[in-house]
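Novice: Turn these sequences into a full structure, and let the hints guide you.
Number of protein chains: 2
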Amino acid sequence: MSLLVVGSVAFDAIQTPFHEAERVLGGAATYFAVAASFFTPVNLVGVVGDDFTEKDAAIFRGRRIDTRGLERAPGKTFFWAGRYSADFVDRTTLATELNVFANFNPRLPEAYRTTPYIFLANIDPTLQRSVLQQVRRPPKLVALDTMNYWIERTPEELRETLKHVHILMINDSETRQLSSEHNLLRAAAKIFQMGPRTLVIKRGEFGALLVHETSVFAIPGFPLEEVQDPTGAGDCFAGGFMGYLAGVGRVNQQTLRRAMVYGSVMGSFTCERFGPDRLRALTRRKINARARNFSKLTQFKL
Amino acid sequence: MSLLVVGSVAFDAIQTPFHEAERVLGGAATYFAVAASFFTPVNLVGVVGDDFTEKDAAIFRGRRIDTRGLERAPGKTFFWAGRYSADFVDRTTLATELNVFANFNPRLPEAYRTTPYIFLANIDPTLQRSVLQQVRRPPKLVALDTMNYWIERTPEELRETLKHVHILMINDSETRQLSSEHNLLRAAAKIFQMGPRTLVIKRGEFGALLVHETSVFAIPGFPLEEVQDPTGAGDCFAGGFMGYLAGVGRVNQQTLRRAMVYGSVMGSFTCERFGPDRLRALTRRKINARARNFSKLTQFKL
Chain W
1 MSLLVVGSVA FDAIQTPFHE AERVLGGAAT YFAVAASFFT PVNLVGVVGD DFTEKDAAIF
61 RGRRIDTRGL ERAPGKTFFW AGRYSADFVD RTTLATELNV FANFNPRLPE AYRTTPYIFL
121 ANIDPTLQRS VLQQVRRPPK LVALDTMNYW IERTPEELRE TLKHVHILMI NDSETRQLSS
181 EHNLLRAAAK IFQMGPRTLV IKRGEFGALL VHETSVFAIP GFPLEEVQDP TGAGDCFAGG
241 FMGYLAGVGR VNQQTLRRAM VYGSVMGSFT CERFGPDRLR ALTRRKINAR ARNFSKLTQF
301 KL
Chain H
303 MSLLVVGSVA FDAIQTPFHE AERVLGGAAT YFAVAASFFT PVNLVGVVGD DFTEKDAAIF
363 RGRRIDTRGL ERAPGKTFFW AGRYSADFVD RTTLATELNV FANFNPRLPE AYRTTPYIFL
423 ANIDPTLQRS VLQQVRRPPK LVALDTMNYW IERTPEELRE TLKHVHILMI NDSETRQLSS
483 EHNLLRAAAK IFQMGPRTLV IKRGEFGALL VHETSVFAIP GFPLEEVQDP TGAGDCFAGG
543 FMGYLAGVGR VNQQTLRRAM VYGSVMGSFT CERFGPDRLR ALTRRKINAR ARNFSKLTQF
603 KL
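Note that the protein sequences, when read in sequence, are chains W and H. Be aware that the first sequence starts at 1, since it is given in our numbering, and climbs by one per residue. Be aware that the second sequence starts at 303, since it is given in our numbering, and climbs by one per residue.
It is worth saying that the hints were derived from the structure and are not from the lab. Among the hints, erroneous ones may be present.
[Claimed, not checked] A short, non-exhaustive set of chain H residues, derived as facing chain W with CB atoms under 10 Å:
#1 E356
#2 A388
#3 M449
#4 F494
#5 Q495
#6 G497
#7 R499
#8 G509
These numbers were taken from a predicted model, which means no experiment stands behind them. From the three backbone atoms N, C-alpha and C, an ideal C-beta is built for every residue, glycine too.
Specialist: Here is the structure:
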């Protein structure tokens, strides 16, 4: 089944201990869409400026990504600059220039309005809700990402939007902040009162946790020999997760667990090269091979 | 098969957000021995002062723990005082008084000298080596814990001791420090040059990683609803891990993976109550039930 993603398309300036670049294609919706497209057709909604070239757009071509929802606006594309510490543990934001993203008002092309699977990447919760209002048919699954900025600045808007969301996908500290609860299992119980019935907690190199109704599933991070750039790993996780679910078209305990594995696989791949470069060279065969390796990495018999 | 542990027996003063106490039985060898005794007979070597009462020793009684190697020396027992932050993320050491532990010179009773499984808890690497010199028959398996103090202060003694060790069990930061390598897989390859063929990296609430020859196994932490006191969790992990291996008497890929699970289970239990209280009330039946829950928590089929 098809999958809608609404979020940022950006240019990133990235400094890592090994490499730096001034203008790398980035943004949550970019990483998400490319990762998800290995599993299912993707409908992309975002905005770029007039500095966004055909060459930049090439990453979406030859994939099952519909870019009719990628609006072009006069001005510059959203720009983010960041620097990683020597061990990749800390990331410092050096610049954030919203540019055309400041006036982003997501509009779904007619053909997108019955997409059954929806991912609302991290943007203003009011805009996230406006996406759901444009849908013509109750979606099968809505997942949402957010961040500390919205949890602090627009808590009521976020709460209102969460009422319409099945799966919340955030990191540890966002989970704790949103729930005012340090313990992650208790935090999940509080978040379930807000609307979502499923919580996916992304923990970077430490893996991820799925709390779904009364069941908990935990996976470690996939240990990598080579980490070049963690930018976009969380969005690739979300893309693999939602892409897998939309691809199989069933949401249950078993498919959710597999989705966690594919999410983790996609997150691990993108770290191996700079920007989205690893995704460009990826195939479904390599993804499946790593999923099998993930299985070998984690499975045991008592 | 029986299991020898050499390490500290201590009194701890612990402050957590929920509770504090001035004199709680602690020490690596205490936690290790009690955790391991659920799986196999344990021979304990350590030293206590004349303030160590029959009541304190009660934790070892009624278990398969031989305390003939627990020396009594004039003076006070090793004392450690620490405080946890509100979220248990940080631990501050408030006091360390070595007392009788300052002159600890481990002596193995005759009956211990053919113990096939050996765990050298975190003490001076020269003393760890002296334990191995007292053994009459090549041990089946030697595992060792250490810490940043010895990695920094006595690197050559530690290197010499590591030549005689099969399994090194340390945390992330110790792994990085010992190998001068941030990436954990590359760190493992460097550590394998030093002697051990197996590395167990303990990552607290984030689980643990086993690197054994060319194979990697990763487990997440067991998510707990209630964390009262993480003191001794790493030692309980080691106790469950080594206790399980000694209990089955076979070291291979499959038993090592199960040992990781039992280690994680024992580490998780002790966090649920203050000091070693949770261990006192534990049964093998409860341990097995949690291991099955651990399996449910982590298993998936592709």
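Novice: Now tell me if each hint is right for this structure.
Specialist: Each hint, compared with the structure:
1. E356: Violated. Min distance 38 Å.
2. A388: Holds, because the Cβ-Cβ distance from H:A388 to chain W comes to roughly 8 Å (cut-off 10 Å).
3. M449: violated, 20 Å
4. F494: This hint is violated: H:F494 lies away from chain W, its Cβ roughly 14 Å from the closest one there, beyond 10 Å.
5. Q495: violated, 16 Å
6. G497: Cβ of H:G497 sits 22 Å from chain W, so the hint is violated.
7. R499: violated, 18 Å
8. G509: Status holds, d = 5 Å.
The structure shown violates the earlier hints numbered 1, 3, 4, 5, 6, 7.
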